[in-house]
Structure formats: structure tokens, C-alpha cells
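Got chain A; can you put chain B on it based on the hints?
Note that the protein sequences, when read in sequence, are chains A and B. Each residue of the first sequence is one higher than the one before, starting from 1 at the first, in the working numbering. Each residue of the second sequence is one higher than the one before, starting from 1 at the first, in the working numbering.
Check each hint, because a few of them may be wrong.
[To be verified] Just a few of them, taken from the derived set where beta-carbon distance is under 7 Å, the chain A residues facing chain B:
{"id": "1", "residue": "L140"}
{"id": "2", "residue": "N377"}
{"id": "3", "residue": "R450"}
{"id": "4", "residue": "Y538"}
{"id": "5", "residue": "P550"}
[Unchecked claim] Taking beta-carbon pairs under 8 Å as the criterion, some of the chain B residues facing chain A (in silico):
{"id": "6", "residue": "M21"}
{"id": "7", "residue": "I22"}
{"id": "8", "residue": "D43"}
{"id": "9", "residue": "Q45"}
[Unchecked claim] Heads up, simulated SDA-like pairs for lysine to any residue below, C-alpha to C-alpha not over 20 Å straight-line:
{"id": "10", "chain 1": "B", "residue 1": "K154", "chain 2": "A", "residue 2": "W559"}
{"id": "11", "chain 1": "B", "residue 1": "K97", "chain 2": "A", "residue 2": "T218"}
{"id": "12", "chain 1": "A", "residue 1": "K263", "chain 2": "B", "residue 2": "W9"}
{"id": "13", "chain 1": "A", "residue 1": "K263", "chain 2": "A", "residue 2": "W519"}
{"id": "14", "chain 1": "A", "residue 1": "K263", "chain 2": "B", "residue 2": "G130"}
{"id": "15", "chain 1": "A", "residue 1": "K263", "chain 2": "B", "residue 2": "E7"}
{"id": "16", "chain 1": "B", "residue 1": "K46", "chain 2": "A", "residue 2": "T218"}
{"id": "17", "chain 1": "B", "residue 1": "K97", "chain 2": "A", "residue 2": "Q370"}
{"id": "18", "chain 1": "B", "residue 1": "K154", "chain 2": "B", "residue 2": "K97"}
{"id": "19", "chain 1": "B", "residue 1": "K97", "chain 2": "B", "residue 2": "G130"}
{"id": "20", "chain 1": "A", "residue 1": "K102", "chain 2": "A", "residue 2": "I148"}
{"id": "21", "chain 1": "B", "residue 1": "K121", "chain 2": "A", "residue 2": "N548"}
{"id": "22", "chain 1": "B", "residue 1": "K121", "chain 2": "A", "residue 2": "S293"}
{"id": "23", "chain 1": "A", "residue 1": "K173", "chain 2": "A", "residue 2": "I481"}
{"id": "24", "chain 1": "B", "residue 1": "K121", "chain 2": "A", "residue 2": "W519"}
{"id": "25", "chain 1": "A", "residue 1": "K410", "chain 2": "A", "residue 2": "H170"}
{"id": "26", "chain 1": "B", "residue 1": "K65", "chain 2": "B", "residue 2": "K46"}
{"id": "27", "chain 1": "B", "residue 1": "K97", "chain 2": "A", "residue 2": "L113"}
{"id": "28", "chain 1": "A", "residue 1": "K25", "chain 2": "A", "residue 2": "Y137"}
{"id": "29", "chain 1": "A", "residue 1": "K499", "chain 2": "A", "residue 2": "N128"}
{"id": "30", "chain 1": "B", "residue 1": "K46", "chain 2": "A", "residue 2": "L525"}
{"id": "31", "chain 1": "B", "residue 1": "K121", "chain 2": "A", "residue 2": "A549"}
{"id": "32", "chain 1": "B", "residue 1": "K46", "chain 2": "A", "residue 2": "E217"}
{"id": "33", "chain 1": "A", "residue 1": "K253", "chain 2": "A", "residue 2": "P515"}
{"id": "34", "chain 1": "B", "residue 1": "K121", "chain 2": "A", "residue 2": "L371"}
{"id": "35", "chain 1": "B", "residue 1": "K97", "chain 2": "A", "residue 2": "P554"}
{"id": "36", "chain 1": "B", "residue 1": "K121", "chain 2": "A", "residue 2": "Q373"}
{"id": "37", "chain 1": "B", "residue 1": "K154", "chain 2": "B", "residue 2": "G130"}
{"id": "38", "chain 1": "B", "residue 1": "K46", "chain 2": "B", "residue 2": "Q73"}
{"id": "39", "chain 1": "A", "residue 1": "K263", "chain 2": "B", "residue 2": "L5"}
{"id": "40", "chain 1": "A", "residue 1": "K338", "chain 2": "A", "residue 2": "E217"}
I should point out that these hints are in silico values taken from the structure, not numbers from a laboratory. Glycine included, each C-beta is placed from N, C-alpha and C at the ideal position.
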Amino acid sequence: MEQSLKETIRQDPKKILGVNPLDAKVSLSYLTVAFVSLLIGGILGLVQGLERAGLIDLPSWLNYYQVLTAHGLLLLLVFTATFSIGYLYANLSHALGGLLPKVRKFAWVGFVLMIIGVAMAVTMIVLNEASVLYTFYPPLAAHPIFYIGLVFVVLGIWACCAGVFINYRHWRKNHPGQVTPLLAYFTMAVFVLWFFATIGVTIEVFTLIPWSMGLVETTNVMVGRTLFWWFGHTLVNIWYLVAISAWYVFVPKIIGGRHFSDKLIRLVVILVVVLNIPGGFHHQIIDPAISQSIKFLHVFMSLSIAVPSLMTAFAMFAVFERTGRKLGGKGLLGWLKKLPWGDVRFLAPMIAMISFIFGGAGGIVNTSNQLNQVIHNTMWVVGHFHITVGVSVVLTFFGICYWLIPYLAKRKLTPKMNKLGIIQTVIWTVGMIIMSGSMHIVGLLGDPRRTSDTTYGGHEAAAGWIPFEMLFAVGATLLLIGVIIQVYAVFNMMFFAPKGLTEYPVAEPEDDATPAPMWTERWGLWIVLLLAVVAMAYVVPIVDMILNAPPGSPPIRTW
Amino acid sequence: MQHRLEEMWMIVSVGILVVFMIIIGYQTFAMGMGPPSHSETIDPQKVEETAPFDEPGVFETGENKYEVVMILQSFGFTPSNIEVPVGAEVEFVMTSKDVTHGFQVPGTNINAMVMPGHIQKISHTFDEPGNYLVICNEYCGIGHQAMSTTITVK
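Only chain A is shown next, with the shape it has when bound in the complex (with noise of 0.2 Å):
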């Protein structure tokens, strides 16, 4: 008896002991930042809907070019990143049965240098030296400490990173012939697309530094916007995988059934990760010097993505549907009502789930040349990443949260909190549906992204966006209350609710489920297959915007 519990301990301490604290530190150290950041940025984001209204005027000493920076940087970069990282991390220790001391150090070491990057980053933008908004496009010259952050940002990625793939890399050596467990394959992918990613932006961020110095007299432009994409995209997809991570694994177990599936899954995170990176130059369809042949590649290839999000629709459905008929849901629909609609940690990520269907939609319009023209630098945009980021994504970490943090926390969700929780879901989805709707709508008649005022002297074209503006306030300050009712729910589970064990929610596969073939591990053939993907949309067009490129921009400062 004495020998088992011994071996039990050995084998699988959580059943016992719950998480290794050291574990739960590390991931619990980046959700607070994450909470922090999505405070600040969701008062921002208030902010900015107040002043296009033309609600409130902002003092002097704060410019709207600036809330934008921030808000973008605080809550694209900065809230997903440190959340998917806490997150991610927390599912490789309960995966591979924790962390290995080293990999710790490496993901505090991570910490470190991303919160010093961005705290260079954000000091320059408050002291207006960097309002060259969150994708920076040279030849806007911000101040170089800002992009000398930005390096600090990514090499706090690369060292988390470095400490997933020797994880993953020393589980592998121990258990040959085995497929990693769920959960750890998907970190894998994620952290797989963080470094492919990252590559692109670091290339430009480090032009840049030199050239915003004065060291160097001129940019190329162009080579600079398309790097920039190379990772603004790849980005998005990142959320998407680290979001479907959860539906899948997370979100059956919680109504009660099996996930779908193992290889099917294991597939679609493949396609993710080698098909992902050359989804960035749909933001780039109405671009000079860039034929429409390459443009009409690249439909495809951002189109080729719409795929794997085929699979997971289809895979999802499945499984409620099989789950709810379990339940002893009868007739067409009957299933529906079998799922656990009054519990947060479903509600939340099924909300994510449907609105993805229009947030696809909205994809499939913004990579298609002619419509992309239509909607290009329109609030129709900023429309489909609200949707998109701001509920497919942001609603399934909320969701993950009720969950998540009391397990790290070693504490419980009561019903006082999912409680709280679906309440927080409504007023999120409410006011998304409300400013996301309204700026789909205006942008359709044409009014831009990104500016400040858009009454243009009272031209009778930009009167009839007022009323829609009037909208994203009210959707904004409903969102801010979901902000603040969501970081009290995420700091009282973390330090509040009452002590006890919270359980992971893991689902296993069917009973008569064939288990993942090992091929789905060679990650050497996915990398060579995604830089293969890369070059053959990049090689063209970067070759030719450095072959035939004009005279070189120097460093401009415009605000």
C-alpha cells in the first residue's frame, strides 16, 4: 500500500498533491499581468469609444493616437500573450506532469524580460514618443526605446518558448513509442507558431532601431509593412489555436461527454501551424507593388485556413450533439437543451464557439480582393476583430478562467462566482453584439479605422456614421463593466474563494477511439512543410520589394 501511494506520487503527484505551487506561480505570475493589462486596456478602449462619439474631449496632455497605441499593444499583445503563456504553461505541468526546474527558469526568465519590454514600450507611449499605433508602419519613427522594448517583448516569447520545446523534447526522450498527451501537443503548435511568427517583426524591429537612431538614413517601406504582417497575422491565428485548445480538450468534459476525434484534432493543429503564417498579406490586398497574381495567391492561401475551422465547427457540433443525446436529448434539437447552459465554463466558450461562425464570415469577406476593397481601413475591420478576438477568443479565456485559476489557486468556484460568471458572459456578449454590429454596419458605409473625428466639417457623407458612433460608446461602456466584473471574478478566485480542489477538466477519448498515429509527432517535417508554405508566399514579393525598391523613407515624426 505504502509502496503504491509512493509510486503514485512518483507518477502523477497532481492526484494527490494537485499542482506543483512552483507550477502554479509561474502561470498564476502571467494571468495577473494578463488582468492587469486587460484593465487598462478595456478603460482605454472606453475611452476612445467616448472621444469618436464625441463625448468627452480629451486634456491636452493625452492624444487619441496614443489610447489607441496603448490599447492595441495592451490588450492584442500584451493580455493574449501573457494569458496564453500562463495558460499554455499550466497545461504542459498538468499534461507532462509539471515542469521541469529548468523550463521554470526559463519561463520566469520570460516574465522578466516581457514585463521590462513592455513597460519600455508603454513609457514611451505615454510620453507620446511612440504613437505610431500598434502596427507601427515606418516610415512613422517612434522613439527607439519603444522598439528596443518590443525586442525585450519577443525574447521574453523566445525564452518561453525554449522552455516548452525542452519539455516537450525531454517527455518525448522518456516515452518512446507514446503520443504526447493532448493538451502538450497543442502547446507545442502554439509555441512553434510564437517563434515562426516572431521572426518576420524582429527582422523589421531590427532595421528600425538603427534607422530611428539616425544611424541609418533610410527604411524600405515596404518590406517593413509586410514583415509586419508576416507576424500580425500569424498572431491572430496563435489566439485562434491556443482558443480551439480549449474547445476541444476543455469544453466536452465540462458538459460531460468525450472529445472528438484524437487524430482529427492532432490534424487540424497541423494545418494551423503550416498553413498559418501567409494568411498576413490579405491585410495588404489594396497595396501598391504587389501584383494581382501574388494577391490572388495569397486569397488562397488565407482562404486555405478557413479548413481546419471547417473541421473544429463540424468536430464541436458532434460532440454537443452526442453528448446532449447521452444526456437523453430527444428529437432534432432536443440535445440543445441538455447542455449545461447555466454553467460559466460553458456558456462562455460556446458563446466564443457561435459567434466564431460570424467572425469566419467576416474572414472570408476581408481576404477576398474585391471586398477586401470595399472594407479595407473601414470600422467594418475593427468590427471583425472585436468579434473575433474580443469574443471567439477573449469569451473562452474568460471561460478557461472559472476553472483555471481556482485549480492554481487551490481554491473553488462557488455558485455565488459561475453565477457572477454568466453574468459577466451576458453583458460581454450584449455589448459586443451592440459595438461590433454597429461598426460592421458603418464600416460597409465607409467610415475609417483609426481616427480620431470623423465628422469632416459636417460633410453630409460622414453624418449618417454618427448615430453608429453614438452605439460603440454604449457597447464600450457595457464591455468596460465586463472588464471590471471579470478581473474582480479572476483576483477573488485567485485569492478569496474558499480553499479546496478544483478539478482540471481533461476529456478523454471514446471508449472505441483509436488512439493518434505517431506520425502526427514529426514536428521537424511540420516546420520544414511550414517554411516551405512561408517561402512560397514570401520568397516572390519580399525579393522584389528589395530588388525594385525605391529610395528609402527616412525616420518621420507626425504627431
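Structure of chain B alone, referenced to chain A:
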């Protein structure tokens, strides 16, 4: 059963994507509706000394055909407040003197990125009379929201 359904789902949905691609390709390459993609470069620091931008303006090039040679800069368009007759087919030839700008006319399909170092072209036939708003739709600095002009069609 489920396997069969999944196959059908994938065939139908991927089929829709393929049809979609064919339509986009046909419109782009057969009907000339592709997005603005002009490929010609210029020294961004010598725009005003380089033809045709040494003489920006509106030029009649044929029967009710016009060419507008335009410089975009923070925070304005040169020339501004353009006038053309109803039914005019207008080709805009544009470049930027400083940062990246956007050229958009709400209510039409005119939407193009205008970048320093590159010349961008986009055409439109103005069939309806009216006063069209022209805006920059890419953030270009503190006065970005003021960067607008008009095209009067009469």
C-alpha cells in the same frame, strides 16, 4: 454515419470556397476588377521634382476622361476640391511625400493604400452627380482626422 456527414460537410464547404475563388479570379483577371496594385517607384524625398508629380492637377486625357495627379502628405491632398463632369472616367495617380496614407471615397469602391516611394493608381467612373467626400483612411499623424477633401461631380 458521422464520418459520412463529416465528409459531406467538408466537400460542400470547401466546394463553396472553391466557387468563391473562381468568382474572385474571374472578376480580377477577366473583368479587370482586381484591387489597385500599380507597381512603379519614385524617390519619396524628391516627389515634387519628379514627373508627373512636379505638376499635380486634373488633366483631361480624352472624351470625358481625366487623370488626377495627386500628392498625399500629412495632412492634405494636392490638388484638393476637385471638379469633374458627370460620367467622367477618372484615373487617380498618387504618391505620398511622407508617411503611408489611404485614399478612400465613401460611397464608391475607391480605396487604395498610398505609400512613400510607390506610385498607386485607381480608376472610377462618376456616374452620379454630387459632392463626394475624400478621406485618408490610414493613420498618418496627429492631424489624420483632418485629412480630407472633396470631389464635385456636376
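Now the hints, each set against the structure:
1. L140: 5 Å, holds
2. N377: Status holds, d = 4 Å.
3. R450: OK, holds: A:R450 within 7 Å of chain B, min 4 Å.
4. Y538: 17 Å, violated
5. P550: 3 Å, holds
6. M21: 6 Å, holds
7. I22: 11 Å, violated
8. D43: Constraint on B:D43 satisfied, holds at 4 Å.
9. Q45: Since chain A brings a Cβ to about 7 Å from B:Q45, closer than 8 Å, the hint holds.
10. B:K154 - A:W559: 37 Å, violated
11. B:K97 - A:T218: 14 Å, holds
12. A:K263 - B:W9: Measuring from Cα to Cα gives roughly 18 Å; hence the hint holds.
13. A:K263 - A:W519: Cα-Cα ~10 Å, so holds.
14. A:K263 - B:G130: The hint is violated at about 59 Å.
15. A:K263 - B:E7: Holds: A:K263 and B:E7 sit about 15 Å apart, inside 20 Å.
16. B:K46 - A:T218: 14 Å, holds
17. B:K97 - A:Q370: 27 Å, violated
18. B:K154 - B:K97: 30 Å, violated
19. B:K97 - B:G130: Not satisfied, since the Cα-Cα distance of roughly 29 Å exceeds 20 Å.
20. A:K102 - A:I148: Between A:K102 and A:I148 the Cα gap is close to 27 Å, so the pair fails against 20 Å, i.e. violated.
21. B:K121 - A:N548: 18 Å, holds
22. B:K121 - A:S293: 17 Å, holds
23. A:K173 - A:I481: 48 Å, violated
24. B:K121 - A:W519: 49 Å, violated
25. A:K410 - A:H170: Violated. A:K410 to A:H170 sits at ~28 Å, over the 20 Å cutoff.
26. B:K65 - B:K46: 28 Å, violated
27. B:K97 - A:L113: Answer violated: B:K97 to A:L113 is near 38 Å, above 20 Å.
28. A:K25 - A:Y137: 37 Å, violated
29. A:K499 - A:N128: 45 Å, violated
30. B:K46 - A:L525: Violated - the C-alpha atoms of A:L525 and B:K46 are around 49 Å apart, more than 20 Å.
31. B:K121 - A:A549: 18 Å, holds
32. B:K46 - A:E217: 15 Å, holds
33. A:K253 - A:P515: 18 Å, holds
34. B:K121 - A:L371: Cα-Cα ~18 Å, so holds.
35. B:K97 - A:P554: Distance of about 11 Å is within 20 Å: holds.
36. B:K121 - A:Q373: 14 Å, holds
37. B:K154 - B:G130: 7 Å, holds
38. B:K46 - B:Q73: 13 Å, holds
39. A:K263 - B:L5: 17 Å, holds
40. A:K338 - A:E217: 65 Å, violated
When the structure is compared with the earlier hints, violations turn up for hints 4, 7, 10, 14, 17, 18, 19, 20, 23, 24, 25, 26, 27, 28, 29, 30 and 40 and for no others.
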